[in-house]
Each structure stands twice: as structure tokens, then as C-alpha cells.
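**Q** Listed below, chain by chain, are the residues.
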Amino acid sequence: MNNSLILIIISSALVNNVLLSRFWGVCSFLGVSKQMKASASLGVAVIFVMTIASAVASLLNDYILVPFGLEFMQTIVFILVIAALVQIVEMFLKKSSPAIYKALGIYLPLITTNCAVLGIAQLNAMSGYTFIESVVSGFSSAVGYTLAIVLLAGIRSRIREEDLPAPLRGAPIVLISAALMSIAFIGFSKLSF
Amino acid sequence: MNKYMERLYNGLIKENPTMVLMLGMCPTLAVSTAAINGVSMGLSTMAVLIFSNLIISILRKRIPNEVRLPAYIVIVASLVTVTQLIIKAYLPAVDKALGQFIPLIVVNCIILGRAEAYANKHEPGLAIMDAIGMGLGFTIALTLAGSLREILGKGTLFGMQVLPESVSPVAIFSLPPGAYLVIALFIIIMNAIGIKTRQRQLVESDGCNGNCAACAMQCDERKEEAK
Chain A
1 MNNSLILIII
11 SSALVNNVLL
21 SRFWGVCSFL
31 GVSKQMKASA
41 SLGVAVIFVM
51 TIASAVASLL
61 NDYILVPFGL
71 EFMQTIVFIL
81 VIAALVQIVE
91 MFLKKSSPAI
101 YKALGIYLPL
111 ITTNCAVLGI
121 AQLNAMSGYT
131 FIESVVSGFS
141 SAVGYTLAIV
151 LLAGIRSRIR
161 EEDLPAPLRG
171 APIVLISAAL
181 MSIAFIGFSK
191 LSF
Chain B
1 MNKYMERLYN
11 GLIKENPTMV
21 LMLGMCPTLA
31 VSTAAINGVS
41 MGLSTMAVLI
51 FSNLIISILR
61 KRIPNEVRLP
71 AYIVIVASLV
81 TVTQLIIKAY
91 LPAVDKALGQ
101 FIPLIVVNCI
111 ILGRAEAYAN
121 KHEPGLAIMD
131 AIGMGLGFTI
141 ALTLAGSLRE
151 ILGKGTLFGM
161 QVLPESVSPV
171 AIFSLPPGAY
181 LVIALFIIIM
191 NAIGIKTRQR
201 QLVESDGCNG
211 NCAACAMQCD
221 ERKEEAK
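Chains A and B, in that order, are what the protein sequence lines are.
Residue 190 in my numbering sits at position 190 of the first sequence; the count goes up by one each step and never skips.
Residue 153 in my numbering sits at position 153 of the second sequence; the count goes up by one each step and never skips.
Note that these hints are calculated values from the structure, not bench results.
All C-beta atoms, glycine included, are put in the ideal place defined by N, C-alpha and C.
Hints may contain errors.
Unchecked claim - Here are some of the chain A residues that sit facing chain B, going by a computed Cβ distance under 10 Å:
no., residue
1, N114
2, Q122
3, L151
4, A178
Throw the hints in and build the complete structure from the sequences for me.
**A** Laid out in C-alpha cells, this is it:
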């Protein structure tokens, strides 16, 4: 593995974490993090879909959109590819491994409208990543997503036991926890190689 | 109040997409670094929303029910591409500040949510008023969040110095954590003065009734399938 791939991994999983610094996919971050098990399952589903979506989007971009000068079609092509991909992955899992389908099933459609997947596909194209770099970037961003959502789910399971002032209950305390996590993640931006 | 004004009131206050319905959190958090970014993002989203509501309302009897979501996504994605190209051509400064976030308007829950909840059931005139109300509500919320972050984080508002030079700004508000803190602050204030928000949707979904109308709807289909 060469140096630039390691840089991509660190940068997309920690420094520019999709949830804590780019704010892509925050709806599911705040919604699903109520339960630890659901968060972990969603995380795995996102890793799965985002890696495949980055690979497919990168191939389409390099071999169809760029050679024909159709880069302006990226948004339409990527969102359709992601939506179709999620459907195919779902049908495939349903047939081939019902156990995984049962665990991830309800999270797959959520991912179509998760802006993190579209955002990363666009970012890869914008940064001019090669196929391998795109796949690595998609995978490590999704790992960063999983890390953040599982951590928040852990924090929330503790918060539930606390006696909070009334106006802070519900969304505010979750947002404040996310802010504190985000402050901690800023520390990673001082990593240098 | 006639039904057109009622739509405006509904979008601006009663069902304000950001503050009350808690929709479209991603752009709210991401682009609220400065007041001007909030205005630009709000207006871009409003432009897309007006045209998507209009087109979907006109085509509401022609789009077959089974494929309505893919059809909506194609309509919205085309409009976003047009918006993106116009911004690139005429407003390079906005493109530089918001470039990455313009394509993500496609997956903004507000747009698919309004298509599903309103535009596909009502006549074009009402659908447009609904879009204007929701769009303005979104713009105002984004601008408020952006102004607060800019004042606290940089001491400026729309680029002009508002805090005295001797007060040193709290840089954390310009950085990502500030976005979470400012939105938390808004909800705390609304809780304290007793305005009901649908934040339950935001933080208490089990994955299937997430706060996005489009996701929730697909989940409904799934639940029916499971029965």
C-alpha cells in the first residue's frame, strides 16, 4: 500500500469524517443512533453500499462521462446508479443470504436518500481519484461513518440514565454530544506525516 | 386568510421545515458557517423546490404510482443540475463557497418530502405557494443559523464587523462543532418557550421511521410487504 492511499484513509475516516465534519448523512446519524444494535447494522450496510457505489460511480465517470464530455450529468447519473444499486443489492441479499438481509434489510432503502453516499461519489470524481483510490475513499469514509454513529449510540445509552433539565431533553442533548465528539475529532486534523 | 396565504404561513411558521419539522439537517449544519452562505443555499434550494413542486404537480395524474419516487428523483436531479450550471456561470463566488453542497440538494429531504406530501395531491398554483413558503422558511432558518455562527465565530455579519474589535470571537463556532451547538441552542430555546417541534422524529426513530418522508414511505411499503 503506498503513501497516498494511507493519506486517503486517514483523511476520510478521521480528519474529514463524513458525519462530524462534512455533515453528510446527519439525518440517519441523529435518528438511528438511539440503539446501539441498529447503529452497528446501519454502519455495516453503509460500508457495504458506499464501497460498491464508489467503485461503480468511479468506473462510470472514467469510462462514460469523461470520454463523452458529460461531466455535468454526474448528479443525475450518480443518484440513479445509487438508487438502482441499492435495489440490486437488496434483491441479491434477499436471494443469496436471507440472514444478512434480515439484519440489514430495513436500512438499505434509507441509504438511497443518505447524502453521504452521493456526496462521496461526487467528491471522488471532483478530486480526480483513480478507481482504487475511489474504492478506498468510499470504504474508509463509511468506516468513519460507522465509528461516529456507534460512538454516539454509546454516549446516548449513558445519557438516557441522566436527569437533565427539561429543555435539554431529546434532540438538544444529542446535538451537544455530537458537537463534543466533533471537537474531539478536530484533534485529528493536527495529524501530520 | 385564503388558502394561498395559508400555504405561505404554513411553510414559514407552522411547519417551518428546519425548526419545526426538522427536515434537511445536513445542509443546515454544513453551510451555516456564514450568513451569506445560508442565504445562497436557502435560495438555491427554494428555486429547485418551486420548479420541482410545479412539475410534479402538473404531472401528478400522469406519473404511475409505482414508479413515482424514481420519477421524482430524476425531475429533481435535472433541476439541480440546471441550478448548478447557472450558479457556476453567473455566481462564481457562491459556487466556490457552496460548490460541493449544490448537488446534494437532490437528496434534501425537504424536496422529496414536499413532492410526496403535497405537490402530488394538489393543483400547480397551491403547490408553488407551498414551495415558496417552505423555501422561505428554510432560507430564514439557514440565515439565522448562519448569522449566529458568523457573529459568534468571526465577530462579523454578512462580512461586516459587528462585534467590537476588543471582543475576541469564539472560533469553535465557525468550525464544524459550532453547527451542532447552534442548532442545539435553537431547539433549547424553542423547548423553553414551549414551541412544539417534531424532534422526536429526529432522535427517536428506529431506522424505519426516520425523519425523511421519502425513506419513511419506502419503509411503509416494506412493512406492508412483511405483513
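**Q** Evaluate each hint against the coordinates.
**A** For each hint, the structure was consulted:
| no. | hint | verdict |
| --- | --- | --- |
| 1 | N114 | 7 Å, holds |
| 2 | Q122 | 5 Å, holds |
| 3 | L151 | 14 Å, violated |
| 4 | A178 | 5 Å, holds |
Violated hint: 3 only; the structure is consistent with all others.
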